[in-house]
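Trainee: One-letter residues, chain by chain:
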Amino acid sequence: MPGDSDASQPQDAELLRRHLDGDPDAFGQLVRRHRDHLWAVALRTLGNADDAADALQDALISAMRHAASFRGDAQLGTWLHRIVVNACLDRLRRRVAHPTTALPADDHHGAAMPLATRDEFDERDTAADVRAALATLSPEQRAAIVLVDIEGYPVEEVAAILEVPSGTVKSRCARGRARLLPLLAHLRGAESGNPARSGGVEPPTTAPREDLR
Amino acid sequence: MNTPHPELERLAALVDAEPETGAGVDTEAGNAANAAAPPDTSDLRAHLAGCAQCAADLAALRALRATLRALPPVPMPDDVAQRLESALRAAAAEGAAAVSPAPDAPAPQPVAAAVSVLPARAASRRGARRGRSSGSPNFSVAAAVAVFMVLGLGVGLAVALSHGGEAKKSTGTSAASGVGSVVMASGTDYTQDTIRSRVADLVLARVPDAHTEYKGLAPLAAGGANAPTLAPAASSAAATSSAPATSSASDKSAATPSPTTASASSPTLSKREAFSGPLGDPARLQACVQALLDQPATPVLVDYAYYAGKPATIIVLKDPANPSTLDVYVEADTADCAKAGDVTFVAFLPNAS
Chain A
1 MPGDSDASQP
11 QDAELLRRHL
21 DGDPDAFGQL
31 VRRHRDHLWA
41 VALRTLGNAD
51 DAADALQDAL
61 ISAMRHAASF
71 RGDAQLGTWL
81 HRIVVNACLD
91 RLRRRVAHPT
101 TALPADDHHG
111 AAMPLATRDE
121 FDERDTAADV
131 RAALATLSPE
141 QRAAIVLVDI
151 EGYPVEEVAA
161 ILEVPSGTVK
171 SRCARGRARL
181 LPLLAHLRGA
191 ESGNPARSGG
201 VEPPTTAPRE
211 DLR
Chain B
1 MNTPHPELER
11 LAALVDAEPE
21 TGAGVDTEAG
31 NAANAAAPPD
41 TSDLRAHLAG
51 CAQCAADLAA
61 LRALRATLRA
71 LPPVPMPDDV
81 AQRLESALRA
91 AAAEGAAAVS
101 PAPDAPAPQP
111 VAAAVSVLPA
121 RAASRRGARR
131 GRSSGSPNFS
141 VAAAVAVFMV
151 LGLGVGLAVA
161 LSHGGEAKKS
171 TGTSAASGVG
181 SVVMASGTDY
191 TQDTIRSRVA
201 DLVLARVPDA
211 HTEYKGLAPL
221 AAGGANAPTL
231 APAASSAAAT
241 SSAPATSSAS
251 DKSAATPSPT
261 TASASSPTLS
271 KREAFSGPLG
281 DPARLQACVQ
291 ALLDQPATPV
301 LVDYAYYAGK
311 PATIIVLKDP
321 ANPSTLDVYV
331 EADTADCAKA
341 GDVTFVAFLP
351 NAS
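These protein sequence lines are chains A and B, in that order.
End of the first sequence sits at 213 in my numbering; the numbers just go up one at a time, nothing left out.
End of the second sequence sits at 353 in my numbering; the numbers just go up one at a time, nothing left out.
Please note: incorrect hints may appear among the correct ones.
Partial selection, computed: residues in chain B whose CB lies under 7 Å from chain A [unchecked claim]:
| no. | residue |
| --- | --- |
| 1 | Asp16 |
| 2 | Met76 |
| 3 | Val207 |
| 4 | Ala321 |
Simulated from the structure, these hints should not be mistaken for laboratory data.
Just so it is clear, the structure is predicted and the values come from calculations on it, not from any experiment.
Note that the Cβ used here is the ideal one computed from N, Cα and C, for glycine as well.
Start from the sequences, fold in the hints, and give me the full structure.
Mentor: Set out below in structure tokens:
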């Protein structure tokens with residue numbers, strides 16, 4: 001799905017058109033094309049699978065119902081991301097406002113994560129540590145870090161998703177990284193102490209998203 | 001070397017300028033990319049050249065970023081995918097059927113009115129628009145959507161006309177922009193969810209004889225007993241999607257329209273100066289109306305307010321094809337009325353049929 005940048009846009013547009021024409025399956029197909037990316041963003045921003053699934057469902061149903069308000073000045077993928085990210089940020093802010101809803105520490109989505117790569121335990125630990133560290137960031141910083149540093153979207157793209165200037169995205173990332181660094185220093189130690197591993201890490205499959213632009 | 005250590009944050013910003021493929025550690029490629037970084041980092045570079053501690057921090061930040069980028073992907077689990085698909089299918093079916101309102105959706109009156117009115121409305125809108133939307137193949141789609149959206153939402157209706165036609169240059173005749181209009185700067189931050197009820201409120205309160213002239217308004221008004229509300233999930237999500245700008249200013253997060261407060265009437269943003277924005281100029285406003293309707297008209301009401309947190313002008317026009325119906329247009333202050341794509345929102349306030 002990622003990578004077929006030139007082909008994806010007409011397909012998105014065609015599916016949207018069919019949806020607007022009343023095709024009941026078209027929007028579902030449209031979502032399917034983006035769902036793994038949307039899921040990753042929601043899961044990593046919210047930190048647990050239950051919230052992510054709820055946010056994603058709310059956001060995408062809303063997107064479907066408001067599909068006519070999609071304006072051609074953004075790519076569909078960007079627009080979908082925007083709606084999902086906003087739904088996540090809303091939830092995060094509500095958590096801040098109602099701290100009784102504790103930041104989830106459960107390992108629910110850790111269990112759901114496919115751990116197919118070669119160093120399962122390390123990766124599971126790393127992912128859990130990153131998740132816990134991300135939970136200490138403000139919602140805005142978290143979204144920026146997730147989109148730019150984890151999912152690898154270009155800063156300009158993230159600026160379009162968040163509807164803020166690129167400079168704002170960069171400063172949120174910088175602040176977030178500065179805050180994460182001490183929390184994840186032990187990971188860094190492991191990595192920099194083992195340059196061979198660091199150099200051997202496969203390029204993440206969440207490659208930079210040209211198909212969103 | 002003598003300079004004080006820069007804040008970690010400034011070092012962290014340097015990482016942005018570096019190529020992601022450099023999975024962390026070094027330096028040739030990183031330095032090359034950094035040459036293209038904003039000029040105000042020269043002091044940083046000078047400091048880094050002589051400060052082992054900060055250089056180590058920078059290396060650590062690069063490694064951190066590499067770690068984050070190397071996290072394993074998290075494809076959507078099958079159970080979530082299935083749940084999502086069936087939810088979307090159900091919502092789509094609901095949108096397609098929708099003659100019977102959802103059990104938890106109050107306001108059966110407006111729904112019925114909207115359903116009975118809209119097909120004709122959509123058709124007339126299409127006809128009215130065709131003249132100026134030459135080469136706009138999708139307009140019929142937008143018209144069809146108008147029907148779909150009303151059915152699907154129960155009450156709300158959002159149609160962004162996604163294709164621009166050029167505005168005709170013919171000047172309006174006697175219909176001056178201000179005459180007969182109610183013009184205000186309410187400071188209201190409208191959203192997709194609230195605009196219909198709040199505009200209905202405004203028109204009923206401010207426009208003489210609105211009760212009799214636009215009989216369909218009363219059931220829509222938020223003050224009414226059966227103020228329209230969306231089903232909770234849709235309402236929450238819609239508020240989310242219509243408030244994208246709030247993330248730009250965390251200090252304004254209190255202004256985020258939330259599902260529970262969306263229908264409250266207190267303005268959440270400071271008042272705009274009356275008549276501000278490009279459409280504060282009566283000639284521009286008149287040209288805008290001309291572009292929207294293809295004919296000169298006097299707005300019923302103009303509110304220099306906000307939409308989804310951004311300055312916008314709300315223009316309420318009597319529908320040319322159906323005089324007991326009001327068309328509500330939202331023009332962002334940055335918008336050009338002559339481009340239909342810049343009309344961010346259109347709602348039709350149905351008559352009582």
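Trainee: Does each hint hold? Answer for all of them.
Mentor: Hint-by-hint comparison with the structure:
Hint status for B:Asp16: holds, given a least beta-carbon distance of 5 Å to chain A, under 7 Å. Look at B:Met76: its Cβ gets to within about 4 Å of chain A, closer than 7 Å, so that hint holds up. The criterion of a C-beta within 7 Å of any C-beta in chain A is not met by B:Val207, whose closest approach is roughly 27 Å, and the hint is violated. Of the supplied interface hints, the one on B:Ala321 is violated, with its beta-carbon coming no nearer than about 20 Å to a beta-carbon of chain A, more than 7 Å.
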